[in-house]
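Peer 1: Based on the sequences and whatever the hints tell you, model everything.
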Amino acid sequence: MISCTEFIAAYSELFKFLEKKGGKKAVADFWNFLSDKYLSTSLKRLVKKNGIRGCWDYWQHALNEEAADFTMELDEQAGIFKIIMHYCPSKGRLLKWRHIKPYADYCRHCDVLYRRILEPLGYRYEPDLSQTNKARCSVIITRKNKMQSKKIGGKKHERKTGHCRRQAVIETK
Amino acid sequence: MAKKIMVRKASDNEYLHKDFHCALNLGLEYARRRFGDDAVRNYLCQYARSFHAPLIRDLRRRGLIALKEYFKNIYAIEGAAVRINCSKDELFIKTDFCPAVKHIRRRGFDVSPLFIETERAVHKAICEDTPFAFELVRYDKKTGRSIQRFYRRKKS
Chain A
0 MISCTEFIAA YSELFKFLEK KGGKKAVADF WNFLSDKYLS TSLKRLVKKN GIRGCWDYWQ
60 HALNEEAADF TMELDEQAGI FKIIMHYCPS KGRLLKWRHI KPYADYCRHC DVLYRRILEP
120 LGYRYEPDLS QTNKARCSVI ITRKNKMQSK KIGGKKHERK TGHCRRQAVI ETK
Chain B
0 MAKKIMVRKA SDNEYLHKDF HCALNLGLEY ARRRFGDDAV RNYLCQYARS FHAPLIRDLR
60 RRGLIALKEY FKNIYAIEGA AVRINCSKDE LFIKTDFCPA VKHIRRRGFD VSPLFIETER
120 AVHKAICEDT PFAFELVRYD KKTGRSIQRF YRRKKS
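Chains as they are written, first to last, in numbering that gives the first Met the number 0: chain A, 0 to 172; chain B, 0 to 155.
What the hints contain is simulated information worked out from the structure, not anything from laboratory work.
Keep in mind it's a predicted model, so treat the numbers as computed, not measured.
Any given hint could be a false lead.
What the hints assert, rightly or not - FRET-style restraints, in silico, Cβ to Cβ: (1) A:Lys133 - B:Leu15: 23 to 33 Å; (2) B:Pro53 - A:Ser129: 46 to 56 Å; (3) B:Ile76 - A:His98: 12 to 22 Å; (4) B:Arg137 - A:Lys133: 43 to 53 Å; (5) B:Gly78 - A:Ala61: 10 to 20 Å; (6) A:Asp35 - B:Gly78: 25 to 35 Å.
Ideal placement from N, C-alpha and C gives every residue a C-beta, glycine not left out.
Peer 2: Written as structure tokens, this is what we have:
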């Protein structure tokens, strides 16, 4: 058995192995495969059922089990959900284990896995991966149709959305 | 319409995300379908040699007691009862179920036919270039119940 506490190393090594065997395409295909199989019964089901609140439900469970250092915010009315990852337990472990070298594009798996689920459901997925070398990142998920309808209907909520985004960037840094 | 904020420190929770077992299972299955059984075994050996390098060094230095301590800790973290018998030349690990297999099944996934290699291939690779060898004496694919044996190689 590979303990779930050591999974991250196995995951990173798998990406390296797949790239060596089949190039970056093999890695990307795996991420798509994983997204379809792994997240369709959890994140996808929750968002389909509860809208953007499904994101809160999903990550509330996952990030607590992963013992992440994070701030999570949900504004259902505005259709905005965001995660500010102050210290990612997965990337943090990979950086801490000095005897193994993390897969170079390790952090992109989150982008591929979650975007693939959320965008077809009508959400925009916008990660900031600029500080992953410090095990930090953030993501803002917004309901597309909500934003579009607000843009058409008036500028009030458009400003509100913009304010939240700026705030997230400030908090991330 | 809810507006909620959650703030957590790493120290607020125990690091134990069992769904990672499902992700690993799917990883093995993807690699098996795309590159074949041997590729999966090669990957697991590569992982073992790389990630377990400190444990392998410890095994060379201190012998089977290093593995005993490692497995005792891992099974305790995963919440599985394990019976371990260790001597200078032999280490037996007996489990009634594999916590990973149990969780994967509970979540409704099929267990990869190569999931057994997370014990067989990984533990064999850990023993490479050490005075020890590994034998998977018994393994039940349904539950992951197993008897594992590490033993000192006979000098030729």
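Peer 1: Now, for every hint given, state plainly whether the structure supports it.
Peer 2: The hints, checked one at a time:
| no. | hint | verdict |
| --- | --- | --- |
| 1 | A:Lys133 - B:Leu15: 23 to 33 Å | holds (24 Å) |
| 2 | B:Pro53 - A:Ser129: 46 to 56 Å | violated (32 Å) |
| 3 | B:Ile76 - A:His98: 12 to 22 Å | holds (20 Å) |
| 4 | B:Arg137 - A:Lys133: 43 to 53 Å | holds (46 Å) |
| 5 | B:Gly78 - A:Ala61: 10 to 20 Å | holds (19 Å) |
| 6 | A:Asp35 - B:Gly78: 25 to 35 Å | holds (30 Å) |
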